[in-house]
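Turn these sequences into a full structure, and let the hints guide you.
Each residue of the sequence shown is one higher than the one before, counting from 825 in the working numbering.
Among the hints, erroneous ones may be present.
[As the list claims (entries may be wrong)] Distance condition first, Cα-Cα at most 20 Å in a straight line; then the derived DMTMM-like pairs of lysine to aspartate or glutamate:
1) Lys916 x Glu962
2) Lys917 x Asp928
3) Lys1054 x Glu962
4) Lys916 x Asp954
5) Lys916 x Glu963
6) Lys917 x Glu962
7) Lys1054 x Asp840
8) Lys916 x Asp873
9) Lys1054 x Asp954
10) Lys977 x Glu962
11) Lys917 x Asp880
12) Lys977 x Glu963
13) Lys916 x Asp952
14) Lys917 x Glu866
15) Lys977 x Asp954
16) Lys917 x Glu881
[Unchecked claim] Estimated spans, in silico, between C-beta atoms of each pair:
17) Pro839 x Thr972: 30 to 40 Å
18) His959 x Ile903: 14 to 24 Å
19) Gly897 x Met825: 27 to 37 Å
20) Thr882 x Ile903: 11 to 21 Å
21) Pro970 x Gly874: 33 to 43 Å
22) Asp873 x Thr987: 21 to 31 Å
Hints listed in this document are in silico derivations from the structure and should not be mistaken for laboratory results.
We treat Cβ as the ideally placed atom computed from N, Cα and C, and that holds for glycine.
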Amino acid sequence: MTVFRIAPAVTDAFPDTLIALITATGLRGREPWPHTAAAVQELQQQLADGTWQPADETDPRIDAWHTAYRSFGTNPRRIRPSVDALGRRLAKKGTLPRINPAVDSYNAVSVCHGLPAGAFDLDHVTGDVDIRYAHGTEEFTPLGEPDTIENPKPGEIIYADTTSVLTRHWNHRDAHRTRVTEDSAHVAFVLETLHATRDGHLLRTAAHELQGLLLPHADQTAVYFLSPAKPHPPANLQHASTTTPADQASGAAAPMRAR
825 MTVFRIAPAV
835 TDAFPDTLIA
845 LITATGLRGR
855 EPWPHTAAAV
865 QELQQQLADG
875 TWQPADETDP
885 RIDAWHTAYR
895 SFGTNPRRIR
905 PSVDALGRRL
915 AKKGTLPRIN
925 PAVDSYNAVS
935 VCHGLPAGAF
945 DLDHVTGDVD
955 IRYAHGTEEF
965 TPLGEPDTIE
975 NPKPGEIIYA
985 DTTSVLTRHW
995 NHRDAHRTRV
1005 TEDSAHVAFV
1015 LETLHATRDG
1025 HLLRTAAHEL
1035 QGLLLPHADQ
1045 TAVYFLSPAK
1055 PHPPANLQHA
1065 STTTPADQAS
1075 GAAAPMRAR
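Below, the structure is given as structure tokens:
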């Protein structure tokens, strides 16, 4: 089983970090996901009606990530945190990009709660995943650019497995190798906050909302939270808040509430 870990140097620098790790096995990405489609449509309608706006850099949730990016030498107005870039796109175009049901699910939850999100196809991850500072020698192939190889700057925070970088600038962009497609059956999703004291309740709500969207289309899901006190999950992640479709006979996802 793939283990996700937060490096001590990262938790020392960001001691109020909380990361939700949601795993799904037996994911079925080629069937209709009506609850995800409804969640995306609801957000877009709220935006059109003027009853909700995605968080921008004036919001403390986004500003915290801008500050973190600057701390490791990244200009957050040129290379934006994923939730910031997604919210700006939604505010400008009025619609969320539609990729595939699993990606659409975490994008909707991310922008709804103003929290960065990402996902990895665990069948293409090698070894364990560390959230750590880059040495500068690692390689990264950006999503959608399979022939491109980049090297993160030393000191940049990355997600990395034993082969290469999975995410640059903490949560700016994911790698092509571990991208989630309609055929991904074993996926780990992440949601992140740098201020658990203030926003931990939002993260927990968002994690369980995402789990609810995944549940009707997976054999099993589980949720675990990584923090400085618990920088890696237990040996058997399935013991942590595990749910199967039989646990929810209706198969209905919990409704999302924009924050």
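Which hints, by number, does the structure contradict? 1, 3, 4, 5, 6, 13, 22
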